[in-house]
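*Asks:* Sequence:
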Amino acid sequence: MSSMSKFKKLAGISAFAFAAMTAANSVNAANWRYAHEEYEGDVQDVFAYKFKEYVEENSDHSLQIYRFGELGESDDIMEQTQAGILNFVNQSPGFTGALIPEAQIFFIPYLMPTDMDTVIKFFRESEAINEDFPKLYADKGLKLLKMYPEGEMVVTVDEPVTKPEDFNNKKIRVMTNPLLSETYAAFGATPTPLPWGEVYGALQTNMIQGQENPIFWIESGGLYEVSPNLVFTSHGWFTTAMMANQDFYEGLSDEDQKLVQDAADFAFEEIIVHIDGLAEEALSKIKKASDEVTVTRLNDEQIQAFKERAPQVEDKFIEMTGESGKELLNQFKEDLKEVQND
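With the first letter of the sequence shown counted as 1, position 80 gets the number 80 in this note's numbering; the numbers rise by one all the way through.
In short, the hints are calculated from the structure, not lab data. Every residue gets a Cβ at the ideal spot worked out from N, C-alpha and C, and that includes glycine. Treat the hints loosely; a few may be bogus.
[What the hints assert, rightly or not] In the SDA-like style, the derived pairs of lysine to any residue whose C-alpha atoms are separated by at most 25 Å in a straight line are:
id, residue 1, residue 2
1, K135, D254
2, K307, F123
3, K50, T118
4, K140, F123
5, K121, D342
6, K171, S290
7, K316, M175
8, K135, F248
9, K337, E308
10, K307, R297
11, K171, Q304
12, K337, G325
13, K140, G322
14, K171, L298
15, K333, P134
16, K285, H274
17, K135, V339
18, K333, D300
19, K337, E131
20, K52, E73
21, K287, D42
22, K121, E131
23, K333, D139
24, K135, R124
25, K337, D315
26, K337, E314
[Claimed, not checked] Here are the computed distance ranges between Cβ atoms for each label pair:
id, residue 1, residue 2, range
27, S253, E280, 40 to 50 Å
28, A138, A30, 17 to 27 Å
29, E334, K287, 35 to 45 Å
30, E292, D265, 34 to 44 Å
31, G69, A138, 26 to 36 Å
Put together the whole structure using the sequences plus the hints.
*Replies:* And the structure:
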């Protein structure tokens, strides 16, 4: 980022912070602020606008939404939320993992199911999701309002991959999440963490030179034309979380707390309808845009070769998170058994 860009970013955030501080504690301001880490039309953006729709249709409050980059990177909007400058933030555990290590659990490969009905049922009913995680977020000054899935994770590569050995000597860009790096290292690749805002531009440059392979998940109908081969390994769903500044939330009236909870519930119900079939729609657009794109869906035998490498990622997760992470992982597995056996 250039010095001028940094100056503009800091100047914008400072101006916003000044305006926010003058109104943050005003009972009559009723103008709430919500930032997320995606672009217009992406899943987090759709969720945010459904939340806004409910709030504004059922109260006198207004909600200002800021998309990725408008207030900085993912870590910037989290810091602003913890400081009370922002009221709400949507951030994936991929980035929150630096703040809440246990949130990295979503990147343990083959822990989560991949069929949508089971995934949605898990998010609705899981004790780990609905009881354990809110406590972990509260310890960091955050009120966890909703966790929800965005779509199945997919890897893009410069040539088809059907076994872990095909990842050997492949560089892969991943989010700045230690466990995600561990996952793709276990699969045989060489992961390089990079802030999400820099990933796409870096990949466009490097893919032209044949140097890099990104990880990405097909969601929100976007076209990611940086690699000709898409590989479905069925190793997990990308998850995200919407939360509020804890002090802000606790300072709300009972009526407004209910409004916020109801708005989050409404947005959740809307988003699970929105993501149904979204991956296939996005895939169709990608294929239509280029006849050179290949799609590889691993069969059960091929998937098993990758699954056999998952235990080392679980071990790393427990090493990173200690007893708290171990208990959460056990609860996750119990919850998954319940929803899969129903």
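*Asks:* For each hint, tell me whether it holds in the structure or not.
*Replies:* Right, here's what the structure says about each hint:
1. K135 x D254: 20 Å, holds
2. K307 x F123: 23 Å, holds
3. K50 x T118: It holds: about 23 Å lies between the C-alpha atoms, which stays within 25 Å.
4. K140 x F123: 22 Å, holds
5. K121 x D342: 10 Å, holds
6. K171 x S290: Roughly 24 Å separates the two Cα atoms, so the pair holds.
7. K316 x M175: 17 Å, holds
8. K135 x F248: Cα-Cα ~17 Å, so holds.
9. K337 x E308: This hinted pair holds, its Cα atoms lying about 20 Å apart.
10. K307 x R297: Holds, at roughly 15 Å.
11. K171 x Q304: 23 Å, holds
12. K337 x G325: 18 Å, holds
13. K140 x G322: 18 Å, holds
14. K171 x L298: 21 Å, holds
15. K333 x P134: Status holds; Cα separation ~18 Å.
16. K285 x H274: 17 Å, holds
17. K135 x V339: 22 Å, holds
18. K333 x D300: 21 Å, holds
19. K337 x E131: Holds - the C-alpha atoms of E131 and K337 are around 17 Å apart, at most 25 Å.
20. K52 x E73: Roughly 22 Å separates the two Cα atoms, so the pair holds.
21. K287 x D42: At roughly 19 Å apart (the allowed maximum being 25 Å), D42 and K287 satisfy the hint.
22. K121 x E131: 15 Å, holds
23. K333 x D139: 24 Å, holds
24. K135 x R124: The given pair, whose Cα atoms are some 17 Å apart, holds under the 25 Å limit.
25. K337 x D315: OK: K337 and D315 at ~20 Å, within 25 Å.
26. K337 x E314: 17 Å, holds
27. S253 x E280: 40 to 50 Å: 43 Å, holds
28. A138 x A30: 17 to 27 Å: Since the Cβ atoms of A138 and A30 sit about 25 Å apart, the hinted range of 17 to 27 Å holds.
29. E334 x K287: 35 to 45 Å: Given a distance of about 40 Å, which is inside 35 to 45 Å, the answer is holds.
30. E292 x D265: 34 to 44 Å: 43 Å, holds
31. G69 x A138: 26 to 36 Å: 29 Å, holds
Violated hints: none; the structure is consistent with every hint.
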